[in-house]
Amino acid sequence: MSTHASVKDSMKSTWLHGDRSRWKWSHKLLAGQLTAHPEYDVDIPVHAKTGPMPVVAGWTPHVFVLLRALGTMLAHQVLLRVTGWRALPAWLAFGLSTVDRVAVSLGKLMLGRAGLTVLLAYGGGGGADATAPLDVAADSAWWAWLAVHIGVYTLALDFFFYWYHRAMHDVPALWKLHRRHHLTKHPNAMLTGYADDEQEMGDILLIPLLTYVAMRAAFGDRFDFYHWWVCQVYVLFTESAGHSGVRLLLNPPSTLDWLWDRFGLALAVEDHDMHHRRGSKKSFNYGKQTLVWDHLFGTVYPREETPHVDRTKVVWFPMV
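Heads up: the sequence shown runs through residues 1 to 320, numbered per the UniProt record's numbering.
Hints in this document: simulated from the structure, not taken from any laboratory.
Note that this is a predicted model, so its numbers are computed, not measured.
Check the hints yourself; a few may be wrong.
[What the hints assert, rightly or not] Pairs of lysine-lysine residues, derived as DSSO-like cross-links and limited to a Cα-Cα distance of at most 30 Å, are as follows:
#1 K281 <-> K49
#2 K282 <-> K185
#3 K185 <-> K49
#4 K282 <-> K176
#5 K313 <-> K49
#6 K281 <-> K185
#7 K49 <-> K282
#8 K185 <-> K28
#9 K281 <-> K176
#10 K313 <-> K185
#11 K24 <-> K185
Kindly generate the complete structure, drawing on both the sequences and the hints.
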């Protein structure tokens, strides 16, 4: 039985060189950003898969994430000091976290996650039971629990995502909602959110909600609004980096990354590349934060480029 590829399945982008009279405002806005980039006309470098691969200094992604996550908490505290409020109204806390997500360019705007954070975790929406950032940060126990929660949250979220993602491939009705995302065989940052709306709702609402419920059941009030916020920034960073397609060894930052690295369970950028490059409906490497569940359930695919890592070539992750 023969099949015909749909023109909508083409990943070749030619609109930038097409008839500009047919452009919408969105085309004009994007074209202005693209053509203004200093490397717009520079040929994309092609590296041999057997060539040396640089490695990211392990602590720099932590610094990048914490600067953004704690920076938002600082802005939150400054607003409280200036206004004299005990806590921000929920709508303003939502806006602050949303603006931060856009400003630091962690990938795509995930309004659902920011909204869930406010609706489910932000105490009282500005009532008397809400807690200011300075109140929690002054407690050393809060920092200790934060370290615990970052590691556990990313692992728990990865469990839910693993089975959700695997079902998207194994269940025919769900594959129809995931197929579009797999039209790209070489992931890059611009195509991170290239997916059907139904899949996006699962990514940005269902999985974080399940993880939040699990964390609250396990840790109760110790897992507070600010802990969830910091954990979410860690998750967003890893999701964006994991779909960047950059050729370097970058393991997701986590307070358990030393453990995953020790037992060969740490995720690398290449793992999701292989998920797209070698997989389609039948695939592997379903995890997006670790390889723990892929190893446990037998869905790991061997790497091709990571074995050629040159640890003398260290990349310092940019802070801005």
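To see whether the hints hold, each was checked on the structure:
Distance hint between K281 and K49 is fulfilled; the C-alpha atoms sit about 25 Å from each other, no more than 30 Å. In summary, the hint linking K282 to K185 is supported, as the alpha carbons are separated by about 14 Å, within the 30 Å threshold. Our distance criterion of 30 Å between C-alpha atoms is met by K185 and K49, whose separation comes to about 16 Å. Annotation: proposed proximity of K282 to K176 holds, straight-line Cα distance about 13 Å (limit 30 Å).
In summary, the hint linking K313 to K49 is supported, as the alpha carbons are separated by about 16 Å, within the 30 Å threshold. Between the alpha carbons of K281 and K185 the distance comes to roughly 13 Å, so the proposed pair stays at or under 30 Å and holds. This hinted pair checks out: K49 and K282 have alpha carbons roughly 24 Å apart, not beyond 30 Å. Note on K185 and K28: the hinted pairing holds, with a Cα-Cα distance of about 27 Å set against a maximum of 30 Å.
Using a Cα cut-off of 30 Å, the hinted pair K281 and K176 holds, with the two alpha carbons roughly 10 Å apart. Distance check on the hinted pair: K313 and K185 sit about 27 Å apart at the alpha-carbon level, within 30 Å; holds. Straight-line distance between C-alpha atoms of K24 and K185 comes to about 28 Å, which keeps the hinted pair within the 30 Å bound.
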